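Trainee: For reference, the chains in residue letters:
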Amino acid sequence: MKRTTLYLSLLILFLLHQDSWLWDDSTLLLGFLPLGLAYHALYCVATSVLMYLLATRAWPEEAEAFAAGQRDEEAASE
Amino acid sequence: MTQLVIMAAYLALLVALGGVCNRFFRGTARDYFLASHSIGPVLLLMSIFGTTMTAFTLVGSTGEAFHSGIGVFGMLASWSGLVHAAVIFFVGIRLWAIGKRYGYVTQIQYFRDRFESDKLGLLLFPILVGLVIPYLLVGLLGARGVVRSLTVGAFPTLFQSTAGAVPPWLSGLVICSVVLAYIFFGGLRGAAWANTFQTCVFMLSGIVAFAVIASQLGGLSAATRQVLEMRPERLTRGAAMSQLDFFTYWLIPLSIGMFPHVFQHWLTARSAKTFRLTVVAHPIFILIVWLPCVLIGVWATAALLPDGSPVVPPTAPPNTELALMVEKLTTPFLGGLLGAGILAAIMSSLDSQFLCLGTMFTNDVVIHYLGEDRFDDRRRIWLARAFVVAIVVVTYLLSLAEPRQVFPLGVWCFSGFTGLFPLVFASIYWRRTTRAGAIASVLVTAAVWLWLFHQSGYGADPSYAFLGMMPVATVFAGSVVTLVGVSLLTTAPSEKTLRKFFHPAGKAALARAGVAVPAD
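Same order as they appear, the protein sequences are chains A and B. FYI, the numbering for the first sequence is 1 to 78, going by my numbering. FYI, the numbering for the second sequence is 1001 to 1520, going by my numbering.
Treat the hints with care, as some may be off.
Claimed, not checked - Below, a list of computed lysine to aspartate or glutamate pairs in the EDC-like style, where the Cα atoms sit at most 20 Å apart:
no.	chain 1	residue 1	chain 2	residue 2
1	B	K1500	A	E61
2	B	K1273	A	D19
3	B	K1496	B	E1233
4	B	K1500	B	E1233
5	B	K1496	B	D1113
6	B	K1500	B	E1116
Stated by the list, open to error - Short, incomplete list of chain A residues facing chain B, as computed with Cβ under 8 Å:
no.	residue
7	L6
8	Q18
9	D24
10	L29
11	G31
12	G36
13	S48
14	A55
15	A67
Read the hints as simulated data drawn from the structure, not as lab findings. Note that the structure is a prediction, hence the values are computed from the model and not measured. The beta carbon of each residue, even a glycine, is placed where N, CA and C say it ideally should be.
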């Protein structure tokens, strides 16, 4: 999966937070969980899944190299 | 009395843990401040999570759900899950890399170098300290309220003015002393281990208490249906908050990017990969902790005792809703266990905050101005310890003043940190950010924040909004506009600085370093 696709997914997830369509819905899911609350509970799970994809497909490998000082000769000579 | 014994036993256990941690202490300043960059994935997850969850999370969320319903979960919990994880991924890992490479211990050391400005450090120092101290107070006020609620009647003759409960001055003193005991000797390693233990305690005790409270209310369905009959508005967002308020709350958790204590925790990571577990599990952990708290808060609006009186009377002091639900609906043993869990959540933030302030005074003021050569490792550690003691004493004395409601005070504190977020983000990702832009942005953030705080009656009006939005939106917008505008109008940073912080460790460099680069 491309890095840009994952960043776009992050933006879409960000926008999906505004669940205006459930604003006044007091339906209970499983008999006890208000729909507005259930949506945001699932939202946390979706966030975790997306972060897993980012961590496995778009990991900033360069950070490790930077921390270890593995840069090119020009920087090393500074 | 049972509750008190359990909470006291828990506090004693923490002191003992501090003693154990001290045996692993390597005796160097780097170990005291950053645990020698040796913290692995599980400890990093638990310590960062424990640090970000405070009285604000447990006591404040239950209280807010009691007053305004389920919307508090979306406003703060699910936003925090997304924003925290994203900030750790996009900012935390980069700062760890920069900090590890150049040996930074505090944010101010980084900003001084990045913007080639000693004045910026001088400007940021009082602002960061000034924002952390209220955050500390939020924790202490919450902890004192919980202990007081759970110990009513324990000492009827000794503490008559508090109906027999442990008075706030005493509980605050004990909590500060316990936190001090384990960070004084163990430093950040002690805090990381204590946070891990405390995170386990507050997560488990919260789940157990939630299950018992639900059972006492006749089960999950019965508890919620009671609310549906008596207070249906608590099961929707309705008029409790505006759509704009709900949306602009995403800015509040951005504050994690500028918390000095979280910066310090990031730097403890053993490697960049250590962060993987944190970014993935953090949103789930938030779900596990917040969902029960919000449901308990909502249930509390309709929960009745066998005699028909409400479990949480309308006259109950703010932030006591959770403690009252636990005290009146569960056994004293469980009450004590949950009391310990709440203290755990609160103390797991206090320790890191106390330590980070001690670290800042030591490194950003004393060592920076008097010279590194004048202090060997031993002196640095003792200097930090002296500052930690002084900060604990000052915070304790401040907490003796009249407490405000926990939730609004926390929101104001976070708003200030959020206003500084554009600075850290731009410092990592925008080469064109200039020294003048950074200084102007900090000044505007401080000015706008102070003005809005004043307008809100210094936090007295919890529903204060500016242009119909959370004040944080204005603070953030002012910060971004100033940072970008002034940076574009002033001279770009020196080539030397740009190479130091932005050298692209590009594909060629990575290839030479033998690092596999994923395809874009």
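Trainee: Hint by hint, say whether it matches the structure.
Mentor: Hints, verified against the model:
no. : hint               : verdict
1   : B:K1500 to A:E61   : 18 Å, holds
2   : B:K1273 to A:D19   : 34 Å, violated
3   : B:K1496 to B:E1233 : 59 Å, violated
4   : B:K1500 to B:E1233 : 55 Å, violated
5   : B:K1496 to B:D1113 : 11 Å, holds
6   : B:K1500 to B:E1116 : 12 Å, holds
7   : L6                 : 11 Å, violated
8   : Q18                : 6 Å, holds
9   : D24                : 5 Å, holds
10  : L29                : 10 Å, violated
11  : G31                : 4 Å, holds
12  : G36                : 6 Å, holds
13  : S48                : 5 Å, holds
14  : A55                : 5 Å, holds
15  : A67                : 4 Å, holds
Checked against the numbered hints listed earlier, the structure breaks hints 2, 3, 4, 7, 10; every other hint is satisfied.
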